[in-house]
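Quick note: the sequence shown, position 26, residue 26 per the numbering used here, numbers continuous.
Where hints are given, some of them may not hold.
Using C-beta positions, here's what the derived DEER-type ranges look like [what the hints assert, rightly or not]:
| id | residue 1 | residue 2 | range |
| --- | --- | --- | --- |
| 1 | S155 | F33 | 48 to 54 Å |
| 2 | A73 | A15 | 35 to 41 Å |
| 3 | P9 | E62 | 19 to 25 Å |
| 4 | V75 | T130 | 24 to 30 Å |
| 5 | T130 | D67 | 27 to 33 Å |
It should be emphasised that the hints constitute simulated quantities derived from the structure, not laboratory data.
All residues carry an ideal CB built from backbone N, CA and C; glycine is no exception.
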Amino acid sequence: CDAVPYGVPGTSFVALRRTEGVPVGSLPCTLKFTVKDVDPAKGEPEDDDAGYPDEYNLEELELAAADFMRRVAIVDFRTAWDTMGSSGEVVETFSLSYGSLKAAMDAVVDFLGMQVCDNTGVPASEGVRTHTVLLSGVFLGGVQAHAIVNLRSDSGKSVGMRLTVRSSDMSISQCPARVELAIS
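Please model the entire structure based on the sequences and the hints provided.
Spelled out as structure tokens, the structure:
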């Protein structure tokens with residue numbers, strides 16, 4: 001932003017370059033700017049006013065796996081899953097702090113940024129203790145990825161999850177395992 005007059009919102013953008021891997025986590029953000037006195041008659045800063053530097057801490061930028069995933073619906077999940085093969089498969093188990101299967105499922109789908117397939121986005125009934133969600137997406141660079149999320153209600157405060165991910169790139173399949181704390 002070249003200038004942001006008092007009381008008028010402005011927009012600024014930042015572009016990040018991904019050099020390798022899947023960068024996930026938090027990045028601190030600080031807005032640095034120069035404050036100048038403004039002539040009230042003109043509404044412009046004085047020509048000879050160099051101003052003084054100031055800064056403001058912003059919210060941290062959170063990068064998650066979903067930021068690199070595009071939701072893609074597929075017609076037949078099981079065929080796509082079997083065609084992918086198990087050579088790029090990773091299986092992990094987690095204990096999530098959610099009071100219901102539905103809440104846990106919604107959080108996992110949101111976190112992974114993948115498309116729910118074969119109408120598996122809603123548990124069969126309110127009192128069901130287990131549910132399986134089938135997910136599909138395309139990761140940055142055009143790499144197809146599929147996931148099977150098996151959820152089990154352990155108690156009123158936790159949900160067990162078995163996450164199986166397949167893709168042709170093992171680093172993409174391993175991505176959810178490296179960031180497990182983000183959804184628990």
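Here is what the structure says about each hint:
1. S155 with F33: 48 to 54 Å: holds, 50 Å
2. A73 with A15: 35 to 41 Å: At 29 Å between Cβs, range violated.
3. P9 with E62: 19 to 25 Å: Distance hint for P9, E62 holds at roughly 23 Å.
4. V75 with T130: 24 to 30 Å: Given range 24 to 30 Å: holds, Cβ gap about 26 Å.
5. T130 with D67: 27 to 33 Å: About 30 Å separates the Cβ atoms of T130 and D67, which means 27 to 33 Å holds.
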